[in-house]
Amino acid sequence: MSRTIETFLISLLLCSLTACGKDEALVEKALGEYCRSRSEGQYRAYLDATGGDLLLAALRDPATEPRMQTMGSNLAREGIVLVDTYVTSVEIDSIKRQATAVYLEKFGKGLKTWAVHHQSHLEYIDQAWRVISDRTLVAR
Amino acid sequence: MRTVAWFALLVLVSASCAAGFPPPETTAREIVKAAISRDVASLTSRLSGVPLKLVLAAGSQPEKHEAVCKRLIRLEIVPAAWRLRFARAVYQDDGSTVNLHLCLQYTRDGRLQLAEMFWKMSLVDGGWKLVAHD
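Chains Y and P, in that order, give the protein sequences.
According to our numbering, the first sequence holds residues 1 to 140 in order.
According to our numbering, the second sequence holds residues 141 to 274 in order.
Honestly, the hints are just simulated from the structure, not real lab data.
Treat the hints loosely; a few may be bogus.
Derived lysine-lysine pairs resembling DSBU-like cross-links, with alpha carbons at most 30 Å apart [stated by the list, open to error]:
{"id": "1", "chain 1": "P", "residue 1": "204", "chain 2": "P", "residue 2": "173"}
{"id": "2", "chain 1": "Y", "residue 1": "112", "chain 2": "Y", "residue 2": "22"}
{"id": "3", "chain 1": "Y", "residue 1": "96", "chain 2": "Y", "residue 2": "22"}
{"id": "4", "chain 1": "P", "residue 1": "204", "chain 2": "P", "residue 2": "269"}
{"id": "5", "chain 1": "P", "residue 1": "193", "chain 2": "P", "residue 2": "260"}
{"id": "6", "chain 1": "P", "residue 1": "173", "chain 2": "P", "residue 2": "193"}
{"id": "7", "chain 1": "Y", "residue 1": "109", "chain 2": "P", "residue 2": "269"}
{"id": "8", "chain 1": "P", "residue 1": "269", "chain 2": "P", "residue 2": "193"}
{"id": "9", "chain 1": "Y", "residue 1": "22", "chain 2": "P", "residue 2": "269"}
{"id": "10", "chain 1": "Y", "residue 1": "22", "chain 2": "Y", "residue 2": "106"}
{"id": "11", "chain 1": "Y", "residue 1": "96", "chain 2": "P", "residue 2": "260"}
{"id": "12", "chain 1": "P", "residue 1": "193", "chain 2": "P", "residue 2": "204"}
{"id": "13", "chain 1": "Y", "residue 1": "96", "chain 2": "P", "residue 2": "204"}
{"id": "14", "chain 1": "P", "residue 1": "269", "chain 2": "P", "residue 2": "173"}
{"id": "15", "chain 1": "Y", "residue 1": "22", "chain 2": "P", "residue 2": "193"}
So that you can see chain P by itself, here it is in the shape it has in the complex (with noise of 0.2 Å):
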């Protein structure tokens, strides 16, 4: 019986350990990724709200998903290397939205450079989605 219990208590574990999302940073990191690489598909699955409507606005022209991808990092040009830092990531009281301030360094020049980011990212459908952004 003594077995059954820990079973139990293993698989309760397992269990709680499965139902957990990757943190927004993770998400937010892909985001970066995919805005960077031009992935619409990448990063239609991680947008939500107004940010996916300006994706899904763009249709099929690449030159408009480029502006949208632009956007999202506020950068003109793509930068070869990157890295990102998190400032912040101040969660709302119920913990289903984040604002997280991100800094995305990178080089220009042979120079470090650093851009910041606002953005907002709540769980929707199973994981968390850019919502808004600056």
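Just chain Y, with the same shape it has in the complex (with noise of 0.2 Å):
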């Protein structure tokens, strides 16, 4: 019977970790979709991926759509690519459903790479993480 008990708990315990744990994944997804739609100047996926002053200052400037599919386009042209977003800390409130992360983005062109570090805020709202600040900390 102690078995059994002992089995239950740690099946208990398994799963808590991985609703921890799961938060935390969602954040560096919905990083990576924001950085990419940011860097491949996709419009919609960009409000999808945005909350807060991000997603009021695109809603509400009807040149928000043009000015970033010039500015993905430009990117695409001179051959700059967003390699991959790299999550180096993540911290979350779960009672008021926030977070605070910092991350690097890493860009290529050609052999050169280089990388962005990040700090945004993001916020649980319509079921997804969504960032509703970012700024720029150091270039590397």
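Since each chain sits alone in its own frame, please combine them into the complex, following the hints.
Here's what the structure looks like:
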């Protein structure tokens, strides 16, 4: 019987650990989608990935869509691609459903690569983590 | 015995999932849909406090219902095509109240327009309900 209880408790612990890690993985995924949409000029994907002032600015200004598309096509023409997004730290406030994340955006052009350091605030809005603010820290 | 433990775990997980409410954004979306389609019954079941009092005070007068619905979505003309986005969802410390900043995107004369609303929703009587709006 004690073996059964032990198994049950271990299962419960594993489940709760999985649930904790899930939010961090979702935050990382949201940041990846945000960076990808921004660098490739995908306006609709950008609206889905953002909230707060970032979303409001994009919705209020009709020039945002053409501007984003131009920026995306300029980067593509110059051969600059977003290689990947590396999240270095995530802090989640599970009651307020907000997160603070620090990440590196790695770009590449040919053999050359460089990274831009960012800090973002995210909020769990409408069933998804969305970036509500983003600032560049230091270019490396 | 191990099977029993797994079964108990499954029941526990299922029960915790079933006890969850739909998120406030889902209810907000339903309220906007009800206000646009003038579905007073649907609206009444998702309101509480002053907004509910306003709908009930309208009684059975359609013109008063229309005024309440228009005030809710802050639009004079009912849009044919619309989409609701959420800019913020700020929860209070106990998680039972949330302030929503809604953006209603709609088309008027072929142009995309934006109406912003600020709603306060609380967990009341087994679900999220609109308790105040600007």
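> What hints, given by number in increasing order, does this structure fail?
Replying inline: 2, 7, 13, 15
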